[in-house]
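Asks: Here is how the chains run, residue by residue.
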Amino acid sequence: MSTTAPPSGPVAALNAAAAAFIARYNDSKARLPGDTHARAEAAALLAEHGLPGPREEAWRYTSLRPFAETPFAPSVPAEPPASLLARIPAIEGTRLVFVDGRFHSELSGVPRGIRVTTGEPALGRIARPATEKLVALNTMLAEDGAAIHVPAGIDGGTIILVSIATGHSIGFHPRHAVVLAAGAKLTVLDLALGDGEYLHNPVISFEIAEGATASHLRIQDEGEGAFHLSTAYAEVAADATYDSFALTLGARLARMEVHARLAGERAAAHLNAAQLLGNTRSGDGQHADFTTVVAHDAPNTASRQTVKNVLTGRSRGVFQGKIEVARIAQKTDGYQMNQALLLSAEAEMNSKPQLEIYADDVKCSHGATVGALDGDQLFYLRSRGVPEAEARAILVRAFLSEALDPIGHDQARGAMEAAIAGWWDRHTI
Amino acid sequence: MLEIKGLAAVIDNKTILNGIDLVVPTGEIHAIMGPNGSGKSTLAYVLAGREGYEVTAGSATYDGHDLLGIEPEERAALGLFLAFQYPVELPGVNNANFLRTALNAQRRARGEAELNAVQFLKLARAQAKALSMPDDMLKRNVNVGFSGGEKKRNEVLQMAVLRPKLAILDETDSGLDIDALKIVADGVNALRGPDFSAVVITHYQRLLDHIVPDRVHILSNGRIVKSGGPELAHALEAGGYAAIVPEGASEAA
Amino acid sequence: MPVVAETLDAVQAATESGYKWGFSTDIEMEMAPKGLNTDIIRLISARKNEPEWLLEWRLKAYAVWLKMEEPDWAMVNHPPIDYQDLHYYAAPKKKPGPRSLDEVDPELLRTYEKLGIPLRERAILAGVEGAEDERPQVAMDAVFDSVSVATTFKATLAKSGVIFCPISEAVQEHPELVRKYLGSVVPVGDNYFAALNSAVFTDGSFVYIPKGVRCPMELSTYFRINARNTGQFERTLIIAEEASHVSYLEGCTAPQRDENQLHAAVVELVAFDDAVIKYSTVQNWYPGDAEGKGGVYNFVTKRGACRGARSKISWTQVETGSAITWKYPSCILQGDDSVGEFYSVAVTTNHQQADTGTKMIHIGKRTTSTIVSKGISAGKSNNTYRGLVRIAPRADGARNFTQCDSLLIGDQCGAHTVPYIESRNPTARLEHEATTSKIDDDQLFYCRQRGLNQEDAVGMIVNGFCKDVLKELPMEFAVEAQKLLAVSLEGSVG
Numbered sequence: 004m005s006t007t008a009p010p011s012g013p014v015a016a017l018n019a020a021a022a023a024f025i026a027r028y029n030d031s032k033a034r035l036p037g038d039t040h041a042r043a044e045a046a047a048l049l050a051e052h053g054l055p056g057p058r059e060e061a062w063r064y065t066s067l068r069p070f071a072e073t074p075f076a077p078s079v080p081a082e083p084p085a086s087l088l089a090r091i092p093a094i095e096g097t098r099l100v101f102v103d104g105r106f107h108s109e110l111s112g113v114p115r116g117i118r119v120t121t122g123e124p125a126l127g128r129i130a131r132p133a134t135e136k137l138v139a140l141n142t143m144l145a146e147d148g149a150a151i152h153v154p155a156g157i158d159g160g161t162i163i164l165v166s167i168a169t170g171h172s173i174g175f176h177p178r179h180a181v182v183l184a185a186g187a188k189l190t191v192l193d194l195a196l197g198d199g200e201y202l203h204n205p206v207i208s209f210e211i212a213e214g215a216t217a218s219h220l221r222i223q224d225e226g227e228g229a230f231h232l233s234t235a236y237a238e239v240a241a242d243a244t245y246d247s248f249a250l251t252l253g254a255r256l257a258r259m260e261v262h263a264r265l266a267g268e269r270a271a272a273h274l275n276a277a278q279l280l281g282n283t284r285s286g287d288g289q290h291a292d293f294t295t296v297v298a299h300d301a302p303n304t305a306s307r308q309t310v311k312n313v314l315t316g317r318s319r320g321v322f323q324g325k326i327e328v329a330r331i332a333q334k335t336d337g338y339q340m341n342q343a344l345l346l347s348a349e350a351e352m353n354s355k356p357q358l359e360i361y362a363d364d365v366k367c368s369h370g371a372t373v374g375a376l377d378g379d380q381l382f383y384l385r386s387r388g389v390p391e392a393e394a395r396a397i398l399v400r401a402f403l404s405e406a407l408d409p410i411g412h413d414q415a416r417g418a419m420e421a422a423i424a425g426w427w428d429r430h431t432i
Numbered sequence: 019m020l021e022i023k024g025l026a027a028v029i030d031n032k033t034i035l036n037g038i039d040l041v042v043p044t045g046e047i048h049a050i051m052g053p054n055g056s057g058k059s060t061l062a063y064v065l066a067g068r069e070g071y072e073v074t075a076g077s078a079t080y081d082g083h084d085l086l087g088i089e090p091e092e093r094a095a096l097g098l099f100l101a102f103q104y105p106v107e108l109p110g111v112n113n114a115n116f117l118r119t120a121l122n123a124q125r126r127a128r129g130e131a132e133l134n135a136v137q138f139l140k141l142a143r144a145q146a147k148a149l150s151m152p153d154d155m156l157k158r159n160v161n162v163g164f165s166g167g168e169k170k171r172n173e174v175l176q177m178a179v180l181r182p183k184l185a186i187l188d189e190t191d192s193g194l195d196i197d198a199l200k201i202v203a204d205g206v207n208a209l210r211g212p213d214f215s216a217v218v219i220t221h222y223q224r225l226l227d228h229i230v231p232d233r234v235h236i237l238s239n240g241r242i243v244k245s246g247g248p249e250l251a252h253a254l255e256a257g258g259y260a261a262i263v264p265e266g267a268s269e270a271a
Numbered sequence: 348m349p350v351v352a353e354t355l356d357a358v359q360a361a362t363e364s365g366y367k368w369g370f371s372t373d374i375e376m377e378m379a380p381k382g383l384n385t386d387i388i389r390l391i392s393a394r395k396n397e398p399e400w401l402l403e404w405r406l407k408a409y410a411v412w413l414k415m416e417e418p419d420w421a422m423v424n425h426p427p428i429d430y431q432d433l434h435y436y437a438a439p440k441k442k443p444g445p446r447s448l449d450e451v452d453p454e455l456l457r458t459y460e461k462l463g464i465p466l467r468e469r470a471i472l473a474g475v476e477g478a479e480d481e482r483p484q485v486a487m488d489a490v491f492d493s494v495s496v497a498t499t500f501k502a503t504l505a506k507s508g509v510i511f512c513p514i515s516e517a518v519q520e521h522p523e524l525v526r527k528y529l530g531s532v533v534p535v536g537d538n539y540f541a542a543l544n545s546a547v548f549t550d551g552s553f554v555y556i557p558k559g560v561r562c563p564m565e566l567s568t569y570f571r572i573n574a575r576n577t578g579q580f581e582r583t584l585i586i587a588e589e590a591s592h593v594s595y596l597e598g599c600t601a602p603q604r605d606e607n608q609l610h611a612a613v614v615e616l617v618a619f620d621d622a623v624i625k626y627s628t629v630q631n632w633y634p635g636d637a638e639g640k641g642g643v644y645n646f647v648t649k650r651g652a653c654r655g656a657r658s659k660i661s662w663t664q665v666e667t668g669s670a671i672t673w674k675y676p677s678c679i680l681q682g683d684d685s686v687g688e689f690y691s692v693a694v695t696t697n698h699q700q701a702d703t704g705t706k707m708i709h710i711g712k713r714t715t716s717t718i719v720s721k722g723i724s725a726g727k728s729n730n731t732y733r734g735l736v737r738i739a740p741r742a743d744g745a746r747n748f749t750q751c752d753s754l755l756i757g758d759q760c761g762a763h764t765v766p767y768i769e770s771r772n773p774t775a776r777l778e779h780e781a782t783t784s785k786i787d788d789d790q791l792f793y794c795r796q797r798g799l800n801q802e803d804a805v806g807m808i809v810n811g812f813c814k815d816v817l818k819e820l821p822m823e824f825a826v827e828a829q830k831l832l833a834v835s836l837e838g839s840v841g
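Keeping their order, the protein sequence lines are chains A, B and C. Counting from 4, one number per residue, gives the positions in the first sequence under this note's numbering. Counting from 19, one number per residue, gives the positions in the second sequence under this note's numbering. Counting from 348, one number per residue, gives the positions in the third sequence under this note's numbering.
It is possible that part of the hints are untrue.
Calculated pairs, DMTMM-like style, for lysine to aspartate or glutamate (alpha carbon to alpha carbon, straight line, at most 25 Å) [claimed, not checked]: (1) K814(C) - E168(B); (2) K157(B) - D803(C); (3) K830(C) - E89(B); (4) K157(B) - E638(C); (5) K183(B) - D803(C); (6) K183(B) - D789(C); (7) K785(C) - E69(B); (8) K157(B) - E802(C); (9) K727(C) - D408(A); (10) K32(B) - E268(A); (11) K727(C) - D364(A); (12) K785(C) - D300(A); (13) K785(C) - E60(A); (14) K706(C) - E60(A); (15) K366(A) - E638(C); (16) K727(C) - E327(A); (17) K183(B) - E255(B); (18) K830(C) - E638(C); (19) K334(A) - E168(B); (20) K325(A) - E802(C); (21) K32(B) - D789(C); (22) K334(A) - E638(C); (23) K814(C) - D408(A); (24) K32(B) - D81(B); (25) K325(A) - E393(A); (26) K785(C) - E268(A).
Pairwise CB distance ranges, derived in the manner of DEER restraints [said to hold, decoys possible]: (27) Y338(A) - G70(B): 50 to 58 Å; (28) N384(C) - K32(A): 39 to 47 Å; (29) P426(C) - K140(B): 36 to 44 Å.
Note that these hints are calculated values from the structure, not bench results. Computed from a predicted model, the values in this text were never measured in an experiment. Cβ atoms here follow ideal geometry from the backbone N, Cα and C, with glycine treated the same way.
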């Protein structure tokens, strides 16, 4: 990407952006660490297929055009400002801090009982650059990441995985891989903070072996000029659980994609999320997209999703959720609920919950609601003397609680609440 | 006459019935009592032909017909009726339509003339009235939105319309108040006669005050461990199962 | 005049007019050469003696179609269609059919019997030669009834000012109405199949209900005997003026064979202030054999515009036929307080594929829509609900309720639900619920304990599952549709 005027039309803009990324890869490939073969393959994929475009069904509601047309400032190494560091919640666990996509050892700790390596991208086994174009982009340009391995039967405690964007980098593509051996446990608090305009395109994968439990708690609180485009993968073996909650507050344009595959019997996935969106200080509406694909590939597997959207200003929320049930996955139990509160005249919600089912003995359902706050409830509170603004806040918090309540980690839950309080200070509902 | 000999059945590799011997002569009403998990409902289901049970030994015949070798609807056509402990809901299926379809299917199987809608409604309304049930029960969807008591009364109404020769009542009294209990008892007593027999499965002696059984059997661990007259139910009520069930019989089979 | 003689006249009139509508008997060429080009379109237009504007309209549609690509987003698979390998114009010649019912496929006859279709009608449906003009022997003959009824009704309709005729006739008799409304709801370039239809449509129905008129009958019985031979590119246009009311039913529960594999119909409905249009469909085109060979590809565009305040358009469909169904009857709710409804049952068995649903576009204030979809998949079929609910920024107080339920029978089929929910107004309220399950073993056992055999039990449970949709059908068809569901699913269970 250059500072010259971008070409017109969404497809032309995306092609130009893809070409700029490939040029950057060609310039820097000699010094990029890790698997050069995987990079070259990803570059070939990107050259052939480009970036996700408006004609793709999976990108129906989210256009990358604003991102493709943004002239980013060139990259300058910088230290994170104290204001951002102060926003890292003080909770028990080991910090792994990445600044503009590179591991920062002074800000990070050394975990005990689990193995962590950094210094090159952790590609993992389950990410799919051939299917997800942004993952190809990540694979091509990733410079660093954490490879986390929890041995069998070990409770690895909590990892606080922090990404800080100083706003001095045009874009970074961290690549993390978490592997839990049989019966292991780990909580990852996955935090994204930043200032300025930048692209953050992380990919993280969780391989969860028999009987293991991974808890992936995410707070996306990027700077309001940021583009956050993340992809998470989970492959869940028999009797194992991937338990995730994603809170979206920041970024100008955000998309979180989660691909969970329930590969063994009695595997379970919980993909809960909340998106709180509004206008940026410059008056633009935020756009955030939470997209999930849960593949039930074994019998007796279960998935649960509760996704809440609170939309103010000119913001646009998107939810796409797909439950796929393979022929073999009898006795699947899949449930998905997506709800949106539109709190302003110009907010917009697009929702596409989807079931694709090839097994007959299943119980799958989804529900979606979109609307304003309940007038009767509001009146009830006000008739008891609660001022309107407070009444609205009470009802919005109650609305969110259904998605937040399953978070079993008290400190992480506290961090979520604090981040939501921060959003609350910046927006009127 | 219902004749059960050495009947054993397993579900999910677990033995539930462990050699049942029971004869219910035509015209008699027998009660089966027993603690939770003794196999009472399993016996009812196996006789009616529910899937999921594997009969590993023994036989069950009704008037000489081998019950175990035929389909559930064929057993129904022979005159076997099961009043379910948990009646099933059929959304969108009208109660009267359901009952007429069932009655005519049975009549057809027996070579009897089918009833047209008018004849059927006359019969069904008369039966509902005889059992002091509101007509609108016939108009509603089968068991959908019915209270627990209404569901049980609906089973009795179906029984009254279908006029079975052998009725098996699986804890039809559970969850009923005294008025509903009387309705259930009236339904059974109305059918009582030389051609009708019934197996009444219950936890409590209470129902047996209203449907007086000819014989009472105690089921424990998949076997009938004691049989007697109506007085056995009273003894059970007074002393509990521990007093009746012999030592050793309560151990896991 | 004695009743029998009157009937004979009626039968004859109906038969003759059947040819008059849309096809001339004196053309020498029975079939235009294969392929689609402007010459063929000119030929179609000329044979139908169409005005210049309609030819231009067709040519414009063709030009648009040439630039379009066949859509590939639906969950259906089929070998590529060679659009140059089809005949786009054919005079309806009498094909040698079976000479009596004895020569008809016994499987087909068995199905008719199960549906309770009267004997005479069975012969006609099976295409037995001479069945239509044979002297009615039986007083209670179904065709006798429907033809005479239709004739009587036609007079009644004329009296109330209702226009109901083939669209080719309407082009001649009421060109101003056709010109005003044709393509006003489904523009020529709306989608690939609508563009194709606009270029080459052969015939279909035209209905005009004047202001304040309540159509004195269901437009169904009449249609039932005329539905055959309407060809593969059917075009229907229904206009309901202010405060008028019409109920229209197309299709037939009896299975219909058709040599044309590709069907691409377009239906346009226009409702003005306080008008109500109820459009019911029973679709049972040939679905192909048990191995999935043959069968109709049914790519239909159906759309209604609620242009007036408080207008209402209600679609009800029972889809059991066709190898492929691609169909989304939609409502554009422009008028304030207008109402859109979509009630659908789609059954797929063997290798059938159905991708069907609706679009509800809320533009006016306080517009409401209701969607109830029941999908039943059996065999190796795939059944997809695809629906869009869109609330425009000005649609204050709009409401939508959607319920999509899928039932799976057997473990080789697929059931899919793809809703799109888009809201841009905070005062709108949308609710969507979807479930997928199989036929409950306990329900089956309960029915069988009461004496129903497996198939009847399945039929009863499935009909219960579809009750909310079936009750929207006109009474006579609701009964047939119930039987149709049971017959369609025969052999799928156990």
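Asks: The structure should be examined with respect to each hint, and the outcome stated for every one.
Replies: These are the hints, each one checked on the structure:
| no. | hint | result |
| --- | --- | --- |
| 1 | K814(C) - E168(B) | 23 Å, holds |
| 2 | K157(B) - D803(C) | 20 Å, holds |
| 3 | K830(C) - E89(B) | 24 Å, holds |
| 4 | K157(B) - E638(C) | 42 Å, violated |
| 5 | K183(B) - D803(C) | 23 Å, holds |
| 6 | K183(B) - D789(C) | 23 Å, holds |
| 7 | K785(C) - E69(B) | 16 Å, holds |
| 8 | K157(B) - E802(C) | 24 Å, holds |
| 9 | K727(C) - D408(A) | 41 Å, violated |
| 10 | K32(B) - E268(A) | 22 Å, holds |
| 11 | K727(C) - D364(A) | 15 Å, holds |
| 12 | K785(C) - D300(A) | 18 Å, holds |
| 13 | K785(C) - E60(A) | 29 Å, violated |
| 14 | K706(C) - E60(A) | 17 Å, holds |
| 15 | K366(A) - E638(C) | 29 Å, violated |
| 16 | K727(C) - E327(A) | 17 Å, holds |
| 17 | K183(B) - E255(B) | 29 Å, violated |
| 18 | K830(C) - E638(C) | 24 Å, holds |
| 19 | K334(A) - E168(B) | 32 Å, violated |
| 20 | K325(A) - E802(C) | 33 Å, violated |
| 21 | K32(B) - D789(C) | 21 Å, holds |
| 22 | K334(A) - E638(C) | 28 Å, violated |
| 23 | K814(C) - D408(A) | 38 Å, violated |
| 24 | K32(B) - D81(B) | 30 Å, violated |
| 25 | K325(A) - E393(A) | 36 Å, violated |
| 26 | K785(C) - E268(A) | 20 Å, holds |
| 27 | Y338(A) - G70(B): 50 to 58 Å | 26 Å, violated |
| 28 | N384(C) - K32(A): 39 to 47 Å | 53 Å, violated |
| 29 | P426(C) - K140(B): 36 to 44 Å | 58 Å, violated |
When the structure is compared with the earlier hints, violations turn up for hints 4, 9, 13, 15, 17, 19, 20, 22, 23, 24, 25, 27, 28, 29 and for no others.
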